[in-house]
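Make the full structure from the sequences, and use the hints.
Residue numbers (my numbering), protein chains in the order written: chain A, -13 to 170; chain B, 23 to 397; chain C, 21 to 209; chain D, 7 to 175; chain E, 5 to 395.
Keep in mind that the hints are not guaranteed to be accurate.
[As the list claims (entries may be wrong)] List of simulated lysine-lysine pairs, DSS-like, C-alpha gap at most 30 Å:
hint : chain 1 : residue 1 : chain 2 : residue 2
1    : A       : K137      : C       : K153
2    : C       : K153      : A       : K109
3    : A       : K69       : A       : K137
4    : A       : K82       : A       : K69
5    : A       : K137      : C       : K58
[To be verified] Among the chain A residues that face chain C by a calculated CB cut under 7 Å, a handful are:
hint : residue
6    : K37
7    : G95
8    : L133
Hints are computed from structural coordinates only; laboratory data are not their basis.
None of these values were measured; they are calculated from a predicted model.
Just so it is clear, CB atoms sit at the ideal spot from N, CA and C, and this is done for glycine as well.
Residue-level listing of the chains:
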Amino acid sequence: MGLLGSDERPRDVILGTLDDLINMARSRSMWPLTFGIACCAIEMMATWDPKIDADRFGMFFRNTPRQADVMIVSGTVNKKLAKRLRRLYDQMAEPKWVISMGACANQGGPFRQGYSVVEGVDKIVPVDVYIPGCPPRPEALLQALLLLRDKIADRELRYKKPREIPADYDVMAEPGKDGRLPVL
Amino acid sequence: MSTMNLEPVPGRTDEMIVNMGPQHPATHGVLRVVLGLEGERITRAVPHIGYLHRNHEKIEEARTYPMVIAYTDRMDYVSGTQNELPFVLAVEDMLGVEVPDRAKKIRTIFFELYRLASHLVWMGTAMLDLGAISPFLYTFWDREIILGIVEKTAGARMLPNYYTFGGVRRDVHPDFFKDVADFLDHMERRMVDYEHLVLESPVVHARTKGVGVLDQERAVARGVSGPVLRASGVAYDVRKAFPYDAYPDVEFEIPTSPDGDTYARFWVRFQEMYQSIRILRQLLELTPKTGPYKGRAPARLKPPAGERYRAVENSRGELGVLVVSDGSDKPYRVKHRGAAFSNLQIIPDLFVGAKFSDAIAILSSLDPVFGEIDR
Amino acid sequence: MSLLQEVWQAVKAIGTGMATVHKRVYEEAPTEFYPYVKPELPPVSVQSLALVENEDGSERCIVCLQCERACPAQVITIERHRNPEGKGFLIDRFDIDLVNCMYCAACVEACPVSSIVTIQDFEMSTYDLQTLKADIDFLHEQARRARQWYSPKFGVELRTDDGRIEKAPPEMQPGGLAEILKPAEEVDS
Amino acid sequence: MEARVKQERLFDEDVYTVHPDDYRALCERLKAEGYDFPRAISGLDMGYGLRVTLHLTRMSDLAKVTVRTDVPYENPVVASVTDLWPGVEWYEREAYDMLGLRFRGHPDLRRILLEDEWELHPLQKRYDTGGYPLPDWQPAAWPDPEPWAPPPPPEPEEAGEAGEGGEAS
Amino acid sequence: MRPIPIPEDRHFRPRLIGYDPQKSRPWLERTVYAAYVFVFWLIVIATYAGVPALFGALGWDGGWGFVLMRVLQVVLLFLLSAVIALLLILVLRKYLGKVQERFGPMHYGPAGGIQTVFDALKLLAKEDFVPAAADALTFRLAPAVTFVASFAMFAVIPFASGWVLADTNVGLIYLIAVSTLSAYGVLLGGVSSGNKWALIGALRAGAQMVSYEIPLALVFLTVAVWSGTLRLGGIVDAQLGLWNFLPLALPFVLYVIASLAELKHIPFDFPEAESELIAGYNVEYSGMSFAFFFLAEFVELFLLPALIVVFFFGGWHGPLFGIEPGSLAAGALESLYFTLKTAVWVWIFLWIRATLPRYRDDQLMEFAWKAMIPLALFGLVLAAYMRLIWR
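Listed below in structure tokens is the structure:
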């Protein structure tokens, strides 16, 4: 885990404050990963435009998963993209969080009945904050980023860990919509 | 055996297979191009799409006609209501619904507003791919003004679901015309800045002149349409070829450029923005302030059995839709012909032989949007 | 000396470009400081849905399932039973799955009595999805908290401080004033 | 070859319905006539078989034409026209991917939108939106091709004009 | 059972350090920058005047004492480079914000003052792993080599008359040697991280650095020929009357372009081309190793404009208002002049970064070999001739 602190350390007063300082630093400089998929990606870009400007909160796009803290899944995840999305998540450096933006990433949204759409990105990666909307307003995304900031910095919220997803989850193995001819 | 990757040719040892994968800052979405690189020069390029395949056509076969309009918005998500128009026009032809003149003008105003918004997003991301950080922010601020105007009338910013059979769902906001007029003045001031930053910049000249040349025959044979085709010298524009809505009563030119390279595509889109401003100014005078905005559409929409292909000139090119109906209230088959789908087919021709940085400039000049390509 | 002219053109173009960029420093930036200054949205803006009750608490919705049929994303599920004494139906369950909703307001279009309306509460992000599976209490609570909402039939309605519902003044109404003043049944769906 | 081509006028374009064997010959004829802009190829599942619809435009006088041909489910093979119009290459791959239409002579017939290990072609009517096979779906009977009657000869005009006009018309 | 309609946590509770600025307060931002520059100035005075005075007073300036003093000065200079990095990253993001019609970091600290402190702390606690495909030793070594290479330039930078660590007579040659070293760091980092993008970025960096060392060295030679000495202090003294950028106008322009390329700055941003190579050579780096690359880049962003000021804008020269030179106060005032001149040139570099897109890298190599080197040679000959007839 990180050099100076991890969440499982025993809670004592002295280290607690250092732990809080580190978590405050992590929450005050969240670098999202440039990974736009669909319509929500355009609203994600609009969150950094002059009108709403998430750069005021120190959020600065990084292209490589190694240097990114937050992965904003903005758009529909289909079966072809699911494997790459999971690999991107695994490549990110450890204290990482995921924001599921828009109806398609939450639980498939208007396309959830499609044959090749994964219903919800929380089947593939553990998600911290969900944003409804199709596409959600840039202010809604900024509110979600600030909710994530509070989750990282706030001690009791920090331990509401989303359930871990096994890395080798095979999206194609879902019953029914697996793209294989029915065995008659 | 999955052929998702290029297999190294046994003879060539100095070729490096690079995977410009679904997550890449310059692919405008989820395109994956597998490149064979010799140093910086590209020897082989195989584009892979389908990472945003959301099964539009299969889901639309299970939805009634008014519901399908909401889905068409999500295809070319950068130019909102432009995707709804071909489907609405096709069904209106089949149903025989007549659209009041004022509704046609309102539709065309929204159509041209979204063309400006789409070209602004294109210019922002194209300059970002070339390395200039600032134009991206200026263009997105202009686009915010457009989205503000649209939200005041249609209720949603990007995907408003505003057109319906026979006209538009709701009349325009009382001070809509004043907002659009102010926006056009603001836009004309901004275009001067964009001229300095984009078209006159020597670095852009060095990066785009003579790069990715597409001659006329190959462009037409490849089925390319829109600014990419007009940059190769063919003056084909669906607004003039098969006029629809209020385009017959406004006059505008179709900008074309003979030399077909990346700079020509930048220049043609620039002139199209000027033409859009000109069209909008004429429409502001022509449209009566009050009047009908929706014609008589039958309550239960059941078009007679048959098929209809209707095309429209959206900001990427000819966006056509083939609606096949079997008399029930759900379309039997809806086939969307996206311009970006054809425009992307010339990637292998233009990439091979070009340098790697040129490939980024070429891809951004094609302006692909993957909701429309992968459907 | 075309080379020299070329170089001079290039330098001049770079100069004008840099001047264009730097003059922004002296202009006022259009940024709205979001969490401290909430954006005021137009009344027709579709940010969330709500189920309006009449002032006396009785249900406006006549459970005609029009909205369930008109929803493209099929997120509305309604269960009803026939009213034992009077005519019409009573609601057993009225769920809107705001997680998968498309926010296209097709349901608000289709509702004959404009009981389901669009409101402007866009701050709906959550840590877990269950809070967004809205049931009838959630929708009534949203309508009670909303200051203004919009539906095509009755236009923009305001909720006064003492809980009464009244029609918004004409200048707040979106376009199509004539359509709103027309009595409801003449308007086609 | 003329006997098996049915031509009709639909809204603003000519529609040729043709037998799959003559599809390639008709396309070459249209190419010779100057139809150089391939708009799209749409694959349809007609319930009794698959249909390929080729939409073409002539750039010179903006004339639009659509070529239709039906193939049975068992061997949905049609000649590919990618060498005439390179623009339809991806559309043919998409038709193969979505409906299982095989194009003989296509340079690189692979799946374009779905992954290569997908086996089913989802846009066929036998599957519902989720890709689940509909258990009670049966292919409809192949419609018997209407006997193709050559167009009736122009009936002679009324007595008056014929006399003056002579056989000039 | 579903929780009652609107659970409390869903409503947003703003939690902030700092305050809620309804509108930007320019004076506050300037005070934040002034505070940083003041800290910078204090450290400079401490290293170059405080430590020698302290050791002089304690009488430890013998053999070992002298070594200890130099070690302490180097530690203080490391602290200085940390302050430089914090300040320049903040100034870059604020200036980019201002120029792009928005505000840079605004909410953490007065006008976003301690935003970069949070960035640094976060990078400190970030997981810093070595990818499997990378060969571990060089992967670990590369950020250190890059930082040391750019940090070593401090040795010869004269902040004021006499305020320099190593006042050697071969200052210029030392500079050439050290600036090529940073090219090795980037090359090592890119090639060793086993990632194709990093490999392309590293090869581009190598080609760019090599082809821009030569015009750089030639301009150094021109300045040496013109001011007659290789010692940086001597070069600055030679400019007492007339600053160098007037007589050596052509080498000055070439030097600005070459230092832009040396810095891998926007028009020549090929090794770390965000939009093409994802992140160039530092694709695989995360946590502290990435922080060192970031630190090296911004320390160099301070040092190269400092060199421009030393060579062409008269180093620390400025009106002394009667303070007798050589004293502590004169040194402090001169170092302030030097810092402010460097700040102007750092702003010009940021201004270029906010405006121009990126060339193609082979165009740049061609420009270096075909245009810059002949012009630099011509400048050298011209300087020699002018020196012959003038001095």
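TODO: Would you settle whether the hint for G95(A) is holds or violated, based on the nearest Cβ-Cβ distance to chain C being less than 7 Å?
DONE: holds, 5 Å
Task: Pair hint outcome, K137(A) versus K153(C) [Cα-Cα no greater than 30 Å] - done: holds, 22 Å
- [ ] Measure nothing beyond the straight line between the CA atoms of K153(C) and K109(A); if it is 30 Å or shorter, mark the hint as holding.
- [x] The hint holds at about 18 Å.
Task: Interface hint outcome for K37(A) [beta carbon to chain C under 7 Å] - done: It holds, given that the least Cβ distance between K37(A) and chain C is near 6 Å, below 7 Å.
Open item on the list: So if I understand the rule, the pair passes when the alpha-carbon distance is 30 Å or less; does K137(A) with K58(C) pass?
Closed with: holds, 22 Å
Task: Hint status (Cβ of L133(A) to nearest Cβ of chain C, threshold 7 Å) - done: holds, 6 Å
Task: Restraint check for K82(A) with K69(A), where alpha carbons must lie at most 30 Å apart - done: holds, 18 Å
Task: K69(A) paired with K137(A) [C-alpha distance capped at 30 Å] - done: Holds, at about 28 Å.
Consistency with the previously given hints is maintained throughout, with no hint failing.
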